[in-house]
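So you can see what is in the structure, the chains are spelled out below.
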Amino acid sequence: MESLITAAARALEAGDPLGALNRVALRNDAPSLALRGIAMAQLGDLAKAKTLLRSAARAFGPREAVARARCIVAEAEIALVSRDLNWPVKTLAAARATLAKHGDLGNAAHAGHIEARRLLLVGRLDEAERTLAELGASPLPPASLVIRELVVAGIAIRRLKTKDARAALDRAADAARLAGIPALTAEVESAKLVLDTPAARLIERGKEHPLLLGQIEALAASQALVVDTFHHTIRKGGIVVSLGTRPVLFALARPLAQAWPADVSREALMTAAFQAKHVDESHRARLRVEIGRLRAKLKPLADVSATKHGFALTPRKTRQVLVLARPVEEKHAAVLAFLSDGEPWSSSALALALGTSARTVQRALEELARSHKVQSFGHGRARRWMTPPVPGFPTGLLLPTPLLKT
Amino acid sequence: MKRSAAEIIKEYGPFAGVEAVHGVTYDGTHVWFASGDKLNAVDPADGKIARSIDVAAHAGTAFDGRHLFQIAEDRIQKIDAATGKVLSTIPSPGAGGDSGLAWAEGSLWVGQYRERKIHQVDPETGKVLRTIESKRFVTGVTWVDGELWHGTWENEESDVRRIDPDTGKVLEQLDLPAGTMVSGLESDGGERFFCGGGGRGNVRAVRRPRRS
Numbered sequence: 001m002e003s004l005i006t007a008a009a010r011a012l013e014a015g016d017p018l019g020a021l022n023r024v025a026l027r028n029d030a031p032s033l034a035l036r037g038i039a040m041a042q043l044g045d046l047a048k049a050k051t052l053l054r055s056a057a058r059a060f061g062p063r064e065a066v067a068r069a070r071c072i073v074a075e076a077e078i079a080l081v082s083r084d085l086n087w088p089v090k091t092l093a094a095a096r097a098t099l100a101k102h103g104d105l106g107n108a109a110h111a112g113h114i115e116a117r118r119l120l121l122v123g124r125l126d127e128a129e130r131t132l133a134e135l136g137a138s139p140l141p142p143a144s145l146v147i148r149e150l151v152v153a154g155i156a157i158r159r160l161k162t163k164d165a166r167a168a169l170d171r172a173a174d175a176a177r178l179a180g181i182p183a184l185t186a187e188v189e190s191a192k193l194v195l196d197t198p199a200a201r202l203i204e205r206g207k208e209h210p211l212l213l214g215q216i217e218a219l220a221a222s223q224a225l226v227v228d229t230f231h232h233t234i235r236k237g238g239i240v241v242s243l244g245t246r247p248v249l250f251a252l253a254r255p256l257a258q259a260w261p262a263d264v265s266r267e268a269l270m271t272a273a274f275q276a277k278h279v280d281e282s283h284r285a286r287l288r289v290e291i292g293r294l295r296a297k298l299k300p301l302a303d304v305s306a307t308k309h310g311f312a313l314t315p316r317k318t319r320q321v322l323v324l325a326r327p328v329e330e331k332h333a334a335v336l337a338f339l340s341d342g343e344p345w346s347s348s349a350l351a352l353a354l355g356t357s358a359r360t361v362q363r364a365l366e367e368l369a370r371s372h373k374v375q376s377f378g379h380g381r382a383r384r385w386m387t388p389p390v391p392g393f394p395t396g397l398l399l400p401t402p403l404l405k406t
Numbered sequence: 407m408k409r410s411a412a413e414i415i416k417e418y419g420p421f422a423g424v425e426a427v428h429g430v431t432y433d434g435t436h437v438w439f440a441s442g443d444k445l446n447a448v449d450p451a452d453g454k455i456a457r458s459i460d461v462a463a464h465a466g467t468a469f470d471g472r473h474l475f476q477i478a479e480d481r482i483q484k485i486d487a488a489t490g491k492v493l494s495t496i497p498s499p500g501a502g503g504d505s506g507l508a509w510a511e512g513s514l515w516v517g518q519y520r521e522r523k524i525h526q527v528d529p530e531t532g533k534v535l536r537t538i539e540s541k542r543f544v545t546g547v548t549w550v551d552g553e554l555w556h557g558t559w560e561n562e563e564s565d566v567r568r569i570d571p572d573t574g575k576v577l578e579q580l581d582l583p584a585g586t587m588v589s590g591l592e593s594d595g596g597e598r599f600f601c602g603g604g605g606r607g608n609v610r611a612v613r614r615p616r617r618s
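So the protein lines, in turn, are chains A and B. Residues in the first sequence are numbered from 1 upward in steps of one, following this note's numbering. Residues in the second sequence are numbered from 407 upward in steps of one, following this note's numbering.
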């Protein structure tokens with residue numbers, strides 16, 4: 001490899017991006033562009049880094065397929081960290097195949113991890129798991145192992161398998177120590193916090209207390225009737241009644257469960273379900289109809305009986321009725337949940353991750369911004385949204401640096 | 407043009423603490439290779455590093471009988487092989503785009519990697535005396551018995567080739583196995599070439615075809 005490129009690559013690997021830039025700042029050949037791109041990424045200028053890496057990939061061309069694929073992987077990682085979820089996934093898959101074909105297994109695995117992280121981010125857990133499985137158990141450098149275990153933990157957490165998550169995070173912590181990269185250790189630590197921070201509130205007979213992820217998992221095995229506001233389901237043991245598509249029925253079920261064993265007045269139920277300020281006869285008629293529907297739905301789990309003032313829940317074969325609610329009930333809790341990773345998101349990426357329209361997300365973000373719960377920077381398509389700085393760490397960049405390695 | 411598979415006689419390394427080999431030369435006893443911030447002398451008999459000189463060493467290496475020449479960044483350093491002291495430096499012809507280096511007939515021969523060129527350079531002044539065009543990225547240069555050989559790396563393939571120093575025409579080519587990189591080339595004056603193994607951090611001895 002060339003002299004100055006070697007010198008610049010060594011500077012970059014030694015954590016001296018400015019030293020690397022000094023050596024190749026004025027050069028526009030493919031390896032220089034790639035090194036400049038990675039240096040800019042390490043200095044935090046992701047937009048500039050992306051442009052440089054794209055030019056480098058073009059300059060390498062098909063004759064230098066491996067070097068080109070490494071540039072594409074680096075660009076994809078930058079896209080992931082900047083939450084640009086529309087970045088072409090197929091290009092990454094092709095680059096991954098090229099790297100694997102030419103024996104660069106380390107960077108091929110890195111490409112696979114980027115794919116899996118993206119899938120995890122948008123909630124496609126099965127596909128994320130499959131991508132990890134495809135990579136097999138080939139020996140990986142410690143830094144790659146950390147990323148792999150973080151993805152495994154992320155999948156386990158989303159599936160409420162806290163034991164698996166904790167085991168994966170322990171393995172990640174060991175690997176991070178071996179890698180000796182402080183940013184990775186910090187990322188594992190912050191992921192561990194998720195397991196030790198209340199993830200929900202439990203409301204039982206009018207009293208509430210915070211629940212850890214592990215305790216939520218334990219609920220699934222209990223014999224209590226659980227009204228789950230995360231998934232809009234009502235369940236006990238293995239019986240699950242989903243009301244995700246019936247918001248009115250769920251809005252009735254929740255106050256009934258919260259008040260149990262007491263009853264809930266008709267007025268309170270109508271306010272909760274119909275958001276009506278003044279209730280009239282038509283609301284009363286509608287309430288009767290909806291209660292009838294709820295009764296039919298809940299039949300395997302509970303009865304809804306009329307009382308003097310309203311209605312009450314009568315669970316079958318259990319003396320425990322619980323409501324599982326978000327730690328803070330917020331109108332746009334789902335949007336905030338994604339933003340709480342501390343990364344800048346575009347509204348279109350949020351819409352993709354939430355599976356809703358960009359306009360809906362936009363409205364939610366504007367509302368949250370008015371109450372200072374989120375902030376934005378940039379304009380037009382480059383506009384990004386973040387929560388105000390919280391303790392938590394941005395996803396680290398582990399760009400495929402060694403361009404000269406063969 | 408004669409073309410054949412390169413016959414690898416022996417491999418040296420990988421060596422502890424060596425990430426990549428950037429240049430190779432031979433002083434009659436030891437094989438010297440550049441590993442970024444060091445020049446290392448390997449005894450070809452046992453494959454162990456006998457001695458190291460702390461000096462910036464990013465690309466080609468050469469030996470003129472008394473001095474080592476080593477490319478670092480955008481210059482060529484002249485090093486006293488006995489003391490390891492840098493005696494003088496001249497600018498490199500490729501301004502940092504340089505790769506291979508050889509010493510022959512009182513001149514330095516410098517490969518310019520992506521430009522696919524070999525420059526003949528005055529070792530005192532750095533003046534370019536003439537330039538030979540190659541067809542592929544040049545990764546190492548050596549002269550032996552009046553033959554000019556250079557290593558190539560392009561499209562994930564490497565070979566060692568003999569070219570006509572006047573026309574640049576390829577006369578003979580030894581193909582290395584796929585994915586095996588040649589970074590740095592030196593002949594031992596006999597039947598061996600020493601080839602740097604790039605990011606594998608090793609040095610290979612490749613048989614030089616016998617003249618019939």
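Any given hint could turn out to be false.
For the chain B half of the interface with chain A, some residues (derived, Cβ under 8 Å), not all of them [to be verified]: (1) 442; (2) 488; (3) 490; (4) 494; (5) 495; (6) 497; (7) 504; (8) 520; (9) 581; (10) 583; (11) 585.
Please keep in mind that the hints were generated in silico from the structure rather than gathered at the bench. Backbone N, C-alpha and C define an ideal beta-carbon position, used for all residues, glycine too.
Now the hints, each set against the structure:
Hint status for residue 442/B relative to chain A: holds, with the closest Cβ pair at about 5 Å, below 8 Å. Taking 8 Å as the C-beta contact cut-off toward chain A, the hint placing residue 488/B at the interface is violated, the least distance being around 25 Å. Evaluation of the residue 490/B hint against chain A yields a violated restraint, the C-beta minimum of about 20 Å exceeding 8 Å. Hint status for residue 494/B: violated, given a least beta-carbon distance of 17 Å to chain A, over 8 Å.
Hint status for residue 495/B relative to chain A: violated, with the closest Cβ pair at about 13 Å, above 8 Å. Hint on residue 497/B is violated. Least Cβ distance to chain A is approximately 12 Å, over the 8 Å limit. Interface hint at residue 504/B: satisfied, since its Cβ lies 5 Å from the closest Cβ of chain A, which is below the 8 Å cut-off. Hint on residue 520/B holds. Least Cβ distance to chain A is approximately 6 Å, under the 8 Å limit.
A distance limit of 8 Å between C-beta atoms decides the matter here; for residue 581/B the minimum to chain A is near 16 Å, and the interface restraint is violated. Because the beta carbon of residue 583/B sits about 11 Å from the nearest beta carbon in chain A, more than 8 Å, this interface hint is broken. With its C-beta approaching chain A no nearer than about 6 Å, residue 585/B sits inside the 8 Å limit, and its interface hint holds.
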